[in-house]
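Novice: Listed here are the chains, written in short residue letters.
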Amino acid sequence: MTKGSPIIEATHLDKFYGSFHALKDVNLTVRQGEKIVICGPSGSGKSTLIRCFNGLEWHNSGELVIDGVEVHENSKLMRGLRQEVGMVFQQFNLFPHLTVLENLMIGPMKVRRLSRAQAEETARKYLDRVHIPEQADKYPSALSGGQQQRVAIARSLCMETRIMLFDEPTSALDPEMINEVLDVMVELAHSGMTMVVVTHEMGFARKVADTMVFMEAGEIVEVSPPDTFFTKPSSERCRLFLDQILDH
Amino acid sequence: MFRFFQKFRWPDWVILGVLMAFFGYIWFTIEGTLNYSWRWHLIPNYILGWHTTREEYFANILLQGLAATIRISIYASVLALILGTILGIARCSSNLTIRMLARTYLEFLRNIPPVVVIFIFFFFLSQQLIDFLNLERWARGIARQDNNAVWEFFFGEMRRFPSLISGVIVLALFESAFVGEIIRAGIQSIPKGQREAARSIGMSHGQELRYIVLPQAMKKVVPPLANQFISLIKDSAILSLISVQELTYKTVELVASSRMIFEAWITTAAFYFVVCFGLSRIFARLEKRSDKQ
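Chains A and B, in that order, give the protein sequences. Numbering-wise (our numbering), the first sequence opens with residue 1 and increments by one. Numbering-wise (our numbering), the second sequence opens with residue 249 and increments by one.
Don't read these hints as lab results, they were simulated from the structure. One thing to keep in mind: the hints can contain errors.
[Unchecked claim] Covered by chain B, per the in silico footprint, the following chain A stretches (three or more residues, Cβ under 8 Å):
id	stretch
1	13-27
2	79-86
3	96-106
[Unchecked claim] Every beta carbon over 10 Å from chain B, so not counted as near; a handful from chain A, in silico:
id	residue
4	Gln118
5	Glu134
6	Asp183
[Claimed, not checked] Going by beta-carbon spacing under 8 Å, a handful of chain A positions derived as facing chain B:
id	residue
7	Phe89
8	Val111
9	Ser115
10	Arg155
Fair warning: this is a prediction, and the values are worked out from it, not measured in the lab. Note that beta-carbon positions come from the ideal geometry of N, C-alpha and C, so glycine has one too.
All chains, please: the whole structure from these sequences, using the hints.
Specialist: Structure, rendered in C-alpha cells:
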C-alpha cells in the first residue's frame, strides 16, 4: 500500500510512572494514511504509547514530532494538534448529560467554532456513517455498548481529524457487539484515514493493517507487515503471544 | 395511629413512659415552681397585628423577622453558591497557589466557631464595605421616598438595609466554604475519562470545565446543596448577634419587651422547624422524582 509522509514520529521515547518504566526507548513512525495495529500483553505500554500521541500522557525523554511539530509537556501547541488527532477510548467516555447529537456537536461548535447549523450537519453526516442516524436524540445511557462506541467514533470524526487513535475500542463490549464497531472501523480504514489501533482483534488487523507492532514490557519488540507478522514473526515472544490469542 | 401503637413492644412502652414522666416533671416545675402565667393568646397578635387606626392587618415583629430570615437566606445562598463554586473550582485548580489559598480559607472557616467567624467578618469586612460604598446614606435616601414598596418587598425596611446586606455578606462568606467543599467533591466525582474525552476533542481547560465537568457535577451536588441551604437558614440565627433584624433577633426583642419567654421562643422554634422541615420534605420529593427520570 502506498504510504505518505510521516505524520507521527516517535524517537527514543521513555516514560516513567514513578519508578515504573512504562515506555523504553520506543521508536515508531506513522505515515499519512497508514493503519498501524499495536498488540501485546496487558501492561506492555500500548495504551501509554498512543496516549502520548495526543498529549493525555507525556513522555519523559526522547522526541515526539506530530505533524511536523515537536511536542512536549506544557506545549501550547498540543491543543491545536489534538484537533488533528482523534481518540476513541475503551470506555467510550461519551458525555452522559448530552444527547448523541449534542455529543457530536459540542466539539465542532466550541472548539472549531462552527455555527449550530453547520455543526448539526456535520454531526448527522457522521452519524450516518456509523449507521445510527435514528439514535440522534437519545442520551448515551439509552444506547447499547456497540452503539455508544460508534457514537464515540463519530464524535472524533466530527472534528475532521487527520489521525485516529483507538485505545482497545472493543475490549469493553459484549461479544455480539464487537463486529458492528469493527465494521465501522474497517470502512473508516478504507476511506484513507490514518489509524493507530490498540486491539487484540486479529481478524480486524489482518483485514486493514499496513503495519503490525508487538509490544512487551514497554518495548517495541516487533514491527512488520501483517503477512510476516502472522506467519513468521521474527521474535519468539511475539510468536508465543500470537499462539495464545489465536488458539481459540 | 392505631397501627403505629400495634407495633409497640414492651421496651417502647417503657421508653415512652420515662419520656412522659420527664416532660411531665418539667411541666410541673414551670407551672408550680416558676408560677409562670401562659399568655398564648397574645402571640398571634405579634405575628399578624391589627392596626386599629388604619383598620387593617400588618406583619408584626415575628412575621417581619421570619420574612427577613427568608430574604437573608435566599440572598446569602445565591451569593454563597457563586463564591462556593469559585472556591470549589479553585480547590481543583492545577495552580498550587490558588489551591493553597482556597484550602487556607476553608480550613480557617472549618476550625473557628461560627460566632467568632461572623464577628470577624462583620467588623473586618462587611462594615468596611458598607462604609466604602456609602450604603448607609443611599438606603436612607430610598427610605425617605414615597413609593418604595418594591424596595421594601425585596429588602424589608430600607433603613435597615445596611444591616441586612452585612448579614447576607457575612452569612454567604461563612457558608461559601461548605458549598465550596460540596462543589469540589462534585467536580472530583466526574470520571477522569470525561476530562480526557473533552481534551481529546481539543477543548481547552476552561471549556472542559464549563461544558463537560460542571454541568455533570452540578447535577450531582444538588442534594447536598439543598441540605446546605437548610443549614444556612438555621445558621442565619447567629446573625442576631450582629444586630441583623431577623427572626431570632426579633424574638429576643419580643421577649425583652413582653416577658413571654416560653411562648415567643416556642413560636420561633416552630417557625424555623416548619420552614426547614418543609423544605427538606420538598427537596426529598424532588430528588426522588428526578431519580426516576
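Novice: Work down the list of hints and note, for each, if the structure agrees.
Specialist: Verification of the hints:
By the rule of at least three residues with a Cβ nearer than 8 Å to a Cβ of chain B, the coverage given for the stretch 13-27 of chain A is violated, with 0 such residues. With a cut-off of 8 Å between beta carbons, the stretch 79-86 of chain A has 6 residues touching chain B; three or more are needed, and the interface restraint holds. Against chain B, the stretch 96-106 of chain A contributes 3 residues with a C-beta closer than 8 Å to a partner C-beta. That satisfies the three-residue criterion, and the hint holds. Here Gln118 of chain A stays apart from chain B, with its beta-carbon at least about 16 Å from theirs, past the 10 Å limit.
The beta carbon of Glu134 of chain A is kept farther than 10 Å from every beta carbon of chain B, the shortest such distance being approximately 22 Å. The beta carbon of Asp183 of chain A sits about 23 Å from the closest Cβ of chain B, which is more than 10 Å, so the claim that it is off the interface holds. A cut of 8 Å between beta carbons decides the hint on Phe89 of chain A: the least distance to chain B is about 6 Å, and the hint holds. A distance limit of 8 Å between C-beta atoms decides the matter here; for Val111 of chain A the minimum to chain B is near 4 Å, and the interface restraint holds.
The restraint placing Ser115 of chain A at the interface with chain B is violated, with a minimum CB-CB distance near 17 Å, outside the 8 Å limit. Nearest Cβ of chain B to the Cβ of Arg155 of chain A: about 7 Å, under the 8 Å cut. The hint holds.
Violated hints for the displayed structure, listed by number in ascending order: 1, 9.
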